[in-house]
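Spelled out from the first residue to the last, the chains are:
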Amino acid sequence: MISTIFAAEPVPTADVIALYAAHPILAWIRATQIGEFVRNSTWAFPTLQSLHFIGMSLLIGIVGAIDLRVLGVARAVPLGPLHRLLPLAFIGFGINLTTGIFFFCHDPMVYAFNNAFRLKMLLILASGLNALWFGLGVFIDVDKWGPGIEASYLAKVISALSLLIWIGVITAGRYIAFT
Amino acid sequence: MEHLLLAQEHSAFANWLSQGIYPPILTLHSIGMALLVGLQVVINLRVLGFGRGLPIPALRRFMKVVWIGFGVNAVTGTLLFLIAPYKLVHSTLFILKLSLIASGLILGAVLNSSLLTVGDEYAQANANPSLRAKTLAVLSLTCWMAAIVTGRWLAYTTFGDIGFDTDG
Chain E
21 MISTIFAAEP VPTADVIALY AAHPILAWIR ATQIGEFVRN STWAFPTLQS LHFIGMSLLI
81 GIVGAIDLRV LGVARAVPLG PLHRLLPLAF IGFGINLTTG IFFFCHDPMV YAFNNAFRLK
141 MLLILASGLN ALWFGLGVFI DVDKWGPGIE ASYLAKVISA LSLLIWIGVI TAGRYIAFT
Chain Y
48 MEHLLLAQEH SAFANWLSQG IYPPILTLHS IGMALLVGLQ VVINLRVLGF GRGLPIPALR
108 RFMKVVWIGF GVNAVTGTLL FLIAPYKLVH STLFILKLSL IASGLILGAV LNSSLLTVGD
168 EYAQANANPS LRAKTLAVLS LTCWMAAIVT GRWLAYTTFG DIGFDTDG
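First to last, the sequence lines map onto chains E and Y. Each position in the first sequence, counted from 1, maps to that position plus 20 in our numbering. Each position in the second sequence, counted from 1, maps to that position plus 47 in our numbering.
Hints in this document: simulated from the structure, not taken from any laboratory. Incorrect hints may have been included.
[To be verified] The calculated SDA-like cross-link candidates involving lysine to any residue, where the alpha carbons are at most 25 Å apart (straight line), are: (1) Lys176/E to Trp63/E; (2) Lys134/Y to Ala96/E; (3) Lys181/Y to Leu106/E; (4) Lys111/Y to Ser172/E; (5) Lys164/E to Arg108/Y; (6) Lys181/Y to Leu71/E; (7) Lys164/E to Tyr169/Y; (8) Lys176/E to Ser160/Y; (9) Lys134/Y to Gly188/E; (10) Lys111/Y to Gly100/E; (11) Lys111/Y to Leu64/Y; (12) Lys111/Y to Ala96/E; (13) Lys164/E to Ser160/Y; (14) Lys164/E to His103/E; (15) Lys134/Y to Trp63/E; (16) Lys111/Y to Ser160/Y; (17) Lys176/E to Lys134/Y; (18) Lys164/E to Gln171/Y; (19) Lys176/E to Ala174/Y; (20) Lys134/Y to Pro71/Y; (21) Lys111/Y to Trp63/E; (22) Lys111/Y to Gly188/E.
[To be verified] Covered stretches of chain Y, as calculated for chain E (at least 3 residues, CB under 8 Å): (23) 62 to 74; (24) 91 to 103; (25) 120 to 134; (26) 140 to 153; (27) 165 to 178.
[As the list claims (entries may be wrong)] If the Cβ cut is set under 7 Å, some of the chain Y residues that face chain E in the computed set are: (28) Arg108; (29) Phe109; (30) Tyr203.
We put the beta carbon where it would ideally sit given N, CA and C, even for glycine.
Produce the complete structure using the sequences and hints provided.
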């Protein structure tokens with residue numbers, strides 16, 4: 021399916037046409053200029069993939085550093101200024117949301133009914149809710165956790181969850197191709 | 048040497064790696080990358096002036112996680128290499144990727160020994176590193192980003208015809 025990236029746009033088979041006929045919204049997404057661009061380009065897919073992994077290292081690097089500090093790795097790091105790197109993590113998320121939309125438009129049928137993809141989306145949602153919990157539950161204390169000061173038990177629970185969820189997101193993402 | 052690489056490429060072990068345990072190896076390679084490159088990104092961003100208020104020597108503790116990520120990727124990378132060693136040693140992209148990783152590691156180690164391990168972990172929260180350090184940080188970021196790009200392109204060239212070239 022996606023492995024046809026180095027070829028010109030493949031002629032869809034009869035079953036693919038039938039599947040898209042049964043799902044007009046997916047057919048519409050596929051027909052967008054974004055979808056057409058990615059399918060017809062020889063370089064778009066690997067380039068978007070590269071950006072997706074760069075965005076991932078920015079996002080998970082910063083979120084992971086915060087989580088590791090909360091859990092007690094690098095306790096000398098004051099949490100307040102580390103947490104203020106979060107806008108850069110959002111840039112990483114923006115890169116990955118954008119490139120992800122390009123992947124999806126390229127062949128919506130591949131993703132929409134793929135259980136690894138569905139799990140990945142659920143995990144990203146869970147990570148958002150977990151981040152909201154951090155924001156509402158412990159953010160107020162972030163500046164109190166200066167150099168060498170241990171974070172609260174609740175913060176550690178949220179950060180441990182965050183790390184597990186992001187590892188799950190990476191895992192589910194990699195399994196999209198094998199599901 | 049060449050025929051050894053070819054023999055490995057056509058061995059039952061290579062087949063097991065590519066047909067049997069390819070998805071978990073790739074997954075671990077991505078998680079290791081997130082740790083290694085992700086935390087190098089954080090350290091380099093601080094050197095460049097983002098996240099003022101973070102004492103740079105305090106970030107040295109993240110280096111052990113960087114090395115754990117590197118260890119995971121050295122092992123999983125070796126296994127991925129053993130799937131197609133003959134093809135890979137003849138791939139300019141692969142040699143480039145390895146050179147970029149080696150350069151990234153050297154730059155990371157130089158910054159670590161000249162900046163991160165110097166001084167009190169609790170001091171110099173607002174320090175502004177030298178131009179030399181900032182240059183090294185830019186080079187380091189460039190190496191890691193380029194290593195990611197070459198790695199992704201490898202998946203669509205060398206590994207592409209194995210048929211495991213996709214994800215999102």
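*Does Lys111/Y pair with Gly188/E here, judged by a C-alpha cut-off of 25 Å?*
Within the cut-off at roughly 22 Å; holds.
*Taking only the CA atoms, is the gap from Lys176/E to Trp63/E under or equal to 25 Å?*
Answer violated: Lys176/E to Trp63/E is near 42 Å, above 25 Å.
*Given pair status - Leu106/E, Lys181/Y, alpha carbons within 25 Å*: holds, 21 Å
*Hint consistency between Lys164/E and Tyr169/Y [alpha-carbon to alpha-carbon, up to 25 Å]*: It holds: about 15 Å lies between the C-alpha atoms, which stays within 25 Å.
*At a threshold of 7 Å, is the proposed contact between Phe109/Y and chain E supported by beta-carbon distances?*
Constraint on Phe109/Y satisfied, holds at 5 Å.
*Regarding the pair Lys181/Y and Leu71/E, is the alpha-carbon distance no greater than 25 Å?*
With a Cα-Cα distance of about 23 Å, the restraint between Lys181/Y and Leu71/E holds, given a limit of 25 Å.
_Quick check: do three or more residues in the stretch 120 to 134 of chain Y have a beta carbon closer than 8 Å to a beta carbon of chain E?_
Contact hint for the stretch 120 to 134 of chain Y vs chain E: violated, 0 residues under 8 Å.
*Verify the proposed pairing of Lys111/Y with Trp63/E, using a straight-line Cα cut of 25 Å.*
violated, 36 Å
*For the pair we were handed, Lys176/E and Ala174/Y, check the Cα-Cα distance against 25 Å.*
violated, 29 Å
*asked:* Holds or violated: Lys111/Y and Gly100/E, Cα atoms, limit 25 Å.
replied: Holds - the C-alpha atoms of Gly100/E and Lys111/Y are around 22 Å apart, at most 25 Å.
*Satisfaction of the Arg108/Y interface hint, Cβ to chain E closer than 7 Å*: holds, 3 Å
*May I ask you to test the interface hint for Tyr203/Y with respect to chain E, counting a Cβ-Cβ separation under 7 Å as satisfied?*
holds, 5 Å
Hint compliance for this structure: hints 1, 2, 8, 9, 11, 13, 17, 19, 21, 25 and 26 are not met, and every other hint is.
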